[in-house]
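2 protein chains.
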Amino acid sequence: MRWIAFLLIGVAAGIGVIVLTAPASGQGGGEAAPIFGIKIPLGYRDWRLISVAHEEGDLHSFASILGNDAAIKAYRNEKLPFPDGTVIAALHYSHASSEENNKVFGRSQSFVPGPPTNVQFMVKDSRKYATTGGWGFAHFNKDGKPGDEALLKTCSPCHAKASRDFVFTQYAP
Amino acid sequence: MRWIAFLLIGVAAGIGVIVLTAPASGQGGGEAAPIFGIKIPLGYRDWRLISVAHEEGDLHSFASILGNDAAIKAYRNEKLPFPDGTVIAALHYSHASSEENNKVFGRSQSFVPGPPTNVQFMVKDSRKYATTGGWGFAHFNKDGKPGDEALLKTCSPCHAKASRDFVFTQYAP
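Line order of the protein sequences matches chains L and C. Be aware that the first sequence starts at 1357, since it is given in our numbering, and climbs by one per residue. Be aware that the second sequence starts at 1357, since it is given in our numbering, and climbs by one per residue.
This is chain L alone, in the form it adopts within the complex (with noise of 0.2 angstroms):
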């Protein structure tokens, strides 16, 4: 009995840092965000990077862009639309004031991601998703939780606002 419950907290304890480690390691799977079930793709910690995001107001948020593979060629070709079986990455953190960096500064000028908040991916499937300008949407706490319906409904009226293929994010280079 002692032996069970052992092994039950084991696999409890494990599941718990599966879950609470899925988007800081880029581990995939996971729960399947709503309306376009979309989950967390597999090694996205390792795609390279598009551009960096620094977003006040009531975001306080840093982000790092990250794109896989086909996302990083259409970029570098400047080629617009996106091809089916982009991905689009965003890790935000919040922006915070590095204690360390500023005290070599002498002032407070130094600012760093702190703890993870969120990650978000957006996916070209031309067909899949036709209506929401081809992409699918998704949120993942930082706990891997998706975000609910409301929250990926707002997604895609505020991305066809973009210039380029309902994409903000230009690559720097």
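Simulated from the structure, these hints should not be mistaken for laboratory data. These numbers come from a predicted model, not from an experiment. Heads up, a few of these hints could be off.
No copy labels: a pair is met if it fits in one copy or bridges any two.
To be verified - Below 25 angstroms or equal to it, Euclidean Cα-Cα: the simulated DMTMM-like pairs (lysine to aspartate or glutamate) are:
1. Lys1517 <-> Glu1455
2. Lys1429 <-> Asp1481
3. Lys1435 <-> Glu1412
4. Lys1459 <-> Asp1440
5. Lys1498 <-> Glu1434
6. Lys1509 <-> Glu1456
7. Lys1459 <-> Glu1434
8. Lys1435 <-> Glu1456
9. Lys1509 <-> Glu1387
10. Lys1459 <-> Glu1412
11. Lys1395 <-> Glu1434
12. Lys1395 <-> Asp1481
13. Lys1484 <-> Glu1455
14. Lys1435 <-> Glu1455
15. Lys1509 <-> Asp1440
16. Lys1429 <-> Asp1402
17. Lys1498 <-> Asp1440
18. Lys1435 <-> Asp1402
19. Lys1459 <-> Asp1521
20. Lys1484 <-> Asp1499
We have chain L; now place chain C onto it with these hints.
Same frame as chain L, but now just chain C:
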């Protein structure tokens, strides 16, 4: 004669393009930076992301920090000191307000990389660079020209104040 002039203009323009886009495309080579003799590493723009950074004060800069395989492995294994062969790249851009994004958000809150300003490298070689903590430093302006000796002499005394083997940047999951 006219033909030769055309050829010369073509060659000169070609060289210009190569020099100007060297840091942008991740193309290696070019002139070595002084003191440490480091050239731009081939393909660094394809390296994986370590983190992002934002400096105010006199800099107003945005950065993406990329690492070669040795750097990424050491960061992920939380292994210090960094092993010989580690190379860390800091790609700097101006920190620019995004008019396009701000129009969509309805207020000024969105910052993106402006034009590239420079790219800097730290190369770990504990024997070759023994007098500077095992690290060599290089700086290349946006035109591919290396920074001068006076600039490079400021790198190591400042990085010596970082708490993790001369490196300020921490890994962003």
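*Indices of hints not satisfied (ascending)*: Of the numbered hints, 3, 4, 11, 13, 17 and 20 do not hold.
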